[in-house]
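Could you put the whole structure together from the sequences, leaning on the hints where they help?
Protein chains in written order, with the working numbering: chain A, 1 to 334; chain B, 1 to 339; chain C, 1 to 440.
I should point out that these hints are in silico values taken from the structure, not numbers from a laboratory.
Any given hint could be a false lead.
[To be verified] Quick list of simulated restraints, FRET-style, between CB atoms:
id, chain 1, residue 1, chain 2, residue 2, range
1, B, 161, A, 18, 32 to 42 Å
2, A, 220, C, 349, 32 to 42 Å
3, B, 93, A, 120, 44 to 54 Å
[Claimed, not checked] Reference listing, derived: stretches of chain B covered by chain C, where coverage requires no fewer than 3 residues with Cβ under 8 Å from a Cβ of chain C:
id, stretch
4, 103-113
5, 117-128
Ideal Cβ placement from N, Cα and C applies to all residues, glycine included.
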Amino acid sequence: MTTMPETAVQTKSARVREKVLEVKDLRIHYETPRGAVIAVNGISFHLYKGETLGLVGESGCGKSTATAGILRLVQPPGRIISGEVLLNGVDLIKLPESDLRKLRWTEASLIPQGAMNSLNPVLSVRDQIADGIRAHEPDISKQALKERILELLNLVGLPARVYDLYPHELSGGMKQRVCIAMGISLNPSLVIADEPTSALDVVVQRVVAQTLLDVKEKLGVSMILIGHDMGLQAQLVDRIAVMYAGNIVEIAPVRSIFEEPLHPYTQLLIDSIPSIKERKPLRVTEGLTHDLRNPPPGCIFQFRCPKVMDHCRKVVPPLRELRPEHYVACHLYE
Amino acid sequence: MSSATPLLEIRDATKIYGSKGLFGRKSGPQTVALQNFNLTIPERPASITTIAGESGSGKTTLANAVLGFISLTSGQILYKGQDIAQLEGAAKLNYRRQVQAIFQDPYEVYNPFYRVRHIFDMVIHRFQLARNKAEAREVIEEALKIVGLRGEEVLEKYPHQLSGGQRQRMMVARAYLLKPGLIVADEPVSMVDASLRAMILDIMLRLRDESNISFLYITHDLSTAYQIGDDIYILYQGSVAERGETTRVIENPKHPYVQLLIESIPEPDPDEKWDTHIRFPTEEEMRSSATSGCRFYPRCPHRMDHCLTAQPPLYQIAEEHEAACYLYDEQVVGLADKA
Amino acid sequence: MATETLDSNKPIQAEIRKRRVLVNTFDSPWFNPRFIIGCAMILFVVLAGLLGPLFWDTRLALVASSPLNLPPAWVQYESPVAADVPDEETVPVQSEAAPTQASGFGSSGLGGSGLSSLMATQTSPEAQPTQASGFGASGLGGSSLSSLMATQAPTQASGFGSSGLGGSSLGSLMATQTTPQEAAGDENGASTTAPTSASRIVTPPSGNPAHPLGTDNSGRDLLAVLIVGAPASLRVGVIAAGIGIVAGVVLGFSAGFLGGWWDAFVRTASDVWLTIPSLAVLLVISAYLRRVDLETMAILLALFAWPGPTRLLRAQVLTMRERGYVRMAQLSGQSTISIMFREMMPNLLPYLASSFAGNVSGVILAAASLEALGLGPTRYPTLGTTIFHALRATAIMRGMWWWWGFPVLTLVFIFTGLFLIAIGLDEIANPRLRGLQSQS
Numbered sequence: 001m002t003t004m005p006e007t008a009v010q011t012k013s014a015r016v017r018e019k020v021l022e023v024k025d026l027r028i029h030y031e032t033p034r035g036a037v038i039a040v041n042g043i044s045f046h047l048y049k050g051e052t053l054g055l056v057g058e059s060g061c062g063k064s065t066a067t068a069g070i071l072r073l074v075q076p077p078g079r080i081i082s083g084e085v086l087l088n089g090v091d092l093i094k095l096p097e098s099d100l101r102k103l104r105w106t107e108a109s110l111i112p113q114g115a116m117n118s119l120n121p122v123l124s125v126r127d128q129i130a131d132g133i134r135a136h137e138p139d140i141s142k143q144a145l146k147e148r149i150l151e152l153l154n155l156v157g158l159p160a161r162v163y164d165l166y167p168h169e170l171s172g173g174m175k176q177r178v179c180i181a182m183g184i185s186l187n188p189s190l191v192i193a194d195e196p197t198s199a200l201d202v203v204v205q206r207v208v209a210q211t212l213l214d215v216k217e218k219l220g221v222s223m224i225l226i227g228h229d230m231g232l233q234a235q236l237v238d239r240i241a242v243m244y245a246g247n248i249v250e251i252a253p254v255r256s257i258f259e260e261p262l263h264p265y266t267q268l269l270i271d272s273i274p275s276i277k278e279r280k281p282l283r284v285t286e287g288l289t290h291d292l293r294n295p296p297p298g299c300i301f302q303f304r305c306p307k308v309m310d311h312c313r314k315v316v317p318p319l320r321e322l323r324p325e326h327y328v329a330c331h332l333y334e
Numbered sequence: 001m002s003s004a005t006p007l008l009e010i011r012d013a014t015k016i017y018g019s020k021g022l023f024g025r026k027s028g029p030q031t032v033a034l035q036n037f038n039l040t041i042p043e044r045p046a047s048i049t050t051i052a053g054e055s056g057s058g059k060t061t062l063a064n065a066v067l068g069f070i071s072l073t074s075g076q077i078l079y080k081g082q083d084i085a086q087l088e089g090a091a092k093l094n095y096r097r098q099v100q101a102i103f104q105d106p107y108e109v110y111n112p113f114y115r116v117r118h119i120f121d122m123v124i125h126r127f128q129l130a131r132n133k134a135e136a137r138e139v140i141e142e143a144l145k146i147v148g149l150r151g152e153e154v155l156e157k158y159p160h161q162l163s164g165g166q167r168q169r170m171m172v173a174r175a176y177l178l179k180p181g182l183i184v185a186d187e188p189v190s191m192v193d194a195s196l197r198a199m200i201l202d203i204m205l206r207l208r209d210e211s212n213i214s215f216l217y218i219t220h221d222l223s224t225a226y227q228i229g230d231d232i233y234i235l236y237q238g239s240v241a242e243r244g245e246t247t248r249v250i251e252n253p254k255h256p257y258v259q260l261l262i263e264s265i266p267e268p269d270p271d272e273k274w275d276t277h278i279r280f281p282t283e284e285e286m287r288s289s290a291t292s293g294c295r296f297y298p299r300c301p302h303r304m305d306h307c308l309t310a311q312p313p314l315y316q317i318a319e320e321h322e323a324a325c326y327l328y329d330e331q332v333v334g335l336a337d338k339a
Numbered sequence: 001m002a003t004e005t006l007d008s009n010k011p012i013q014a015e016i017r018k019r020r021v022l023v024n025t026f027d028s029p030w031f032n033p034r035f036i037i038g039c040a041m042i043l044f045v046v047l048a049g050l051l052g053p054l055f056w057d058t059r060l061a062l063v064a065s066s067p068l069n070l071p072p073a074w075v076q077y078e079s080p081v082a083a084d085v086p087d088e089e090t091v092p093v094q095s096e097a098a099p100t101q102a103s104g105f106g107s108s109g110l111g112g113s114g115l116s117s118l119m120a121t122q123t124s125p126e127a128q129p130t131q132a133s134g135f136g137a138s139g140l141g142g143s144s145l146s147s148l149m150a151t152q153a154p155t156q157a158s159g160f161g162s163s164g165l166g167g168s169s170l171g172s173l174m175a176t177q178t179t180p181q182e183a184a185g186d187e188n189g190a191s192t193t194a195p196t197s198a199s200r201i202v203t204p205p206s207g208n209p210a211h212p213l214g215t216d217n218s219g220r221d222l223l224a225v226l227i228v229g230a231p232a233s234l235r236v237g238v239i240a241a242g243i244g245i246v247a248g249v250v251l252g253f254s255a256g257f258l259g260g261w262w263d264a265f266v267r268t269a270s271d272v273w274l275t276i277p278s279l280a281v282l283l284v285i286s287a288y289l290r291r292v293d294l295e296t297m298a299i300l301l302a303l304f305a306w307p308g309p310t311r312l313l314r315a316q317v318l319t320m321r322e323r324g325y326v327r328m329a330q331l332s333g334q335s336t337i338s339i340m341f342r343e344m345m346p347n348l349l350p351y352l353a354s355s356f357a358g359n360v361s362g363v364i365l366a367a368a369s370l371e372a373l374g375l376g377p378t379r380y381p382t383l384g385t386t387i388f389h390a391l392r393a394t395a396i397m398r399g400m401w402w403w404w405g406f407p408v409l410t411l412v413f414i415f416t417g418l419f420l421i422a423i424g425l426d427e428i429a430n431p432r433l434r435g436l437q438s439q440s
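Here it is in structure tokens:
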């Protein structure tokens, strides 16, 4: 298995890298009778061509909502309040729905959480994949379609037999790989995978993760990988963005995150990874979390931060680039 | 150690799920969920025994059997020397008091119709743990303190108003309330956020040390097992692949399946990546292969012909470390060498 | 796409408040508009039944308690022109008569009227015309009889004399200008042995505020009938559906929980029973019964009301059995009965109530159908029975739309109310609402 193209990630100034996705100040709210829940509170990040960005955070931090927002799949009572999402230069937020629909799946695709459980039980694998392809290429011939599907199955490591099978005849890992095949069926430039391995066994997880790496290598897609398993993220991604309560608190190359996490929340996350190498006393943390409808003034992490200062309670720390490609939103570093 | 009766002893437990025909005769495909499973948990000192395995390994079946929700096809489960299948009436109620459980999904276990204090009230009422309301409240507060919660914060709320971590902790408090001898924890932290897992695992350790409660910890996550387990049994498709003291098994796995498992755990270090590309034969993945003999044969990199003859028994590797693999049977290995 | 920019210096909540849409201020699933409206409607009917007798004399629902054939109070007919048509054939009717008072629509349906016309003849000519209310003529072909009578007592004769199933009553509707000749029923060729009898009081009586919804041809005040009949129909529905639910709870719960042969038996029985055509069976049974009163009817209908709830509850129990909280209850040593009623039942209440509402609706429909065919309690003025009488008296063709119209409207009202309750409860119980709860 080939290793990551590491050099490209580390140095920024070496050459101008093309950005496939650029998100600027995206805000998404959910309207509830008692006030709007601020799901995504103005996040900004970018994704270079060919790289994988990991998006981590605990459940409820807004990572799935953010990616749904990128593709404008947010359903009411959720609403995109403001922001820009530039996919290959095109602002998706301002695009009319008809144009956006053409872009979805062909330029950017999403493999949602629990996708393997959402396969249509009455359609065979062939029909499910063909569905998506035909929606965008209605004139494709049957022969070409069949070839394309078999090629996709091969790409994700599934035997050709699977072509005619139904979802209930497949195991969890195989279903997930079918979903990956669907996601890449039209050669998008961006693939967003939301917790692709969360319900799978360890060994199967490894197989699916390998599949993702293979796909990335062979097709050169750029990926956003959402997850909460830091170990898996370490294996798969080039850069990691850490989210907390709707804000991005740190973005850095994967090595930097693990070796030197800067934001206190990231440090907390890294510390709580159980190790299989040595037994150490469990680090227990507790802290209040705030009501998402009423975020406190100042830093969003103030209630749980072990290093909180007075200043943190008043002023929101901006996301600043501390080192090349290493952004942190924390007053400790000002 | 012991001539004392073990806390929990499982002898040759087997559970086969098969469709029964109209008159009781078996027809249709049968699934062997558990096969000749043996386990012993001593009464003292309190310990955490981990049952690890992936889906289909039989660990959930085992948990259900110990809790009395399903009955075994053959074999016995003895709690403090008594066969739980024979318990009736008051004895069964006593068993319920002695053996409690924590389940995986912290939302499902609450009845959405009632406030969360219903789970405590149920138990206090049934087992008569308190004589009046004031005493009941005291007892509940004490249990909540152990898990780091306060009554006034949580008791009057509805389940959907609390977070997953809080709900799971309240479940632990409920189990603790009865001062059981054994708690069966079925994937207690897999649906809880990573940052809160440590807290719940820590509570389990404290209950073991301070209240002498033993645990049967069922999980698929070997890293948490490594952190808190004393002994470990690793199941593969209904049989034990390897068992022994946790650190020994995980640091030095001997069974090829366990080796594969441990190697597949993603290492949270970007410099250490998986180095081999593993392949998963489709039939194995779809569980359609029917084999006699060792279940791991289709995937085993060290397989031999002998492996197909019968299920390998457990061979002693070292003290408190056994593996069920013919690789550790000198005779078999000797034969293979000669062949 | 809304792209209002947020001024990040201002407090966020203030901005949001400006644009907040008020959805459901109470934030409770029970405040479902359909459910509330449905409940209000049914409550209205119940209250009308309870409080109605306080405000309106329900004895008016009895036969011959009020003037005949009065339309609703707002329907007024102008006096006709040709009271004194110089036609030989016409018998001068006018002078003594007070046409507006005699309830004109004369004739009647199949049968009974003959009797009433007989009775009418007993009254003396001097008697108040209002009392005579035209039990007037006839049935099919009975017109001659009545017209004969009528000649004797013109003042008493209710205007339109004859007619069989005929257009004459229609004619009378348009009667403001008709001459007695036209009104004589010529156009329909009804038994016209006595065209002379045709020159009756030509105006149909107008509505009277004393009887706001009109009366029928037997002198029953319709408002009183509704006050008595609507709750009666509801009662039949509730009793029968209630029995059905109780059976459903007992059978469905036990089948779902215990499994085995009992489950197989109950399941087969309820599935088979559902396929039996209920109305046909009920028709046969009630035709055999001599006296059918409300309670008997309810029990009869309950026979067919039990399979639905049984199946529903059995299915729910089968799903619920695997729920985490049921396991927890088992672990806490709860007995099976206790689990069924303390753990499962509260969560089933919305399904139960919804099924109940639907059942009541179905039973009322079946009951009304049976009654409308004449198989119900004919003495008691339920809605269906009223429709039966109306149809028998050919009210539709006589244009007495209020007689069958108001009962039908009431039935529609009741059905709508029950339907709204049922779908409101469906929405309340629907897991879609639980989406707000499960993620935290």
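Hints, one by one, checked against the model:
Range check, residue 161(B) to residue 18(A): about 47 Å between beta-carbon atoms, so the 32 to 42 Å window is missed. For the hinted restraint 32 to 42 Å between residue 220(A) and residue 349(C), the CB-CB distance of approximately 57 Å leaves it violated. Distance hint check for residue 93(B) and residue 120(A): the Cβ-Cβ separation is about 47 Å, which falls inside the suggested range of 44 to 54 Å. Coverage of the stretch 103-113 of chain B by chain C holds [criterion: at least 3 residues with CB-CB distance below 8 Å; count 9].
Residues of the stretch 117-128 of chain B lying with their CB closer than 8 Å to a CB of chain C number 5, which satisfies the three-residue condition for coverage.
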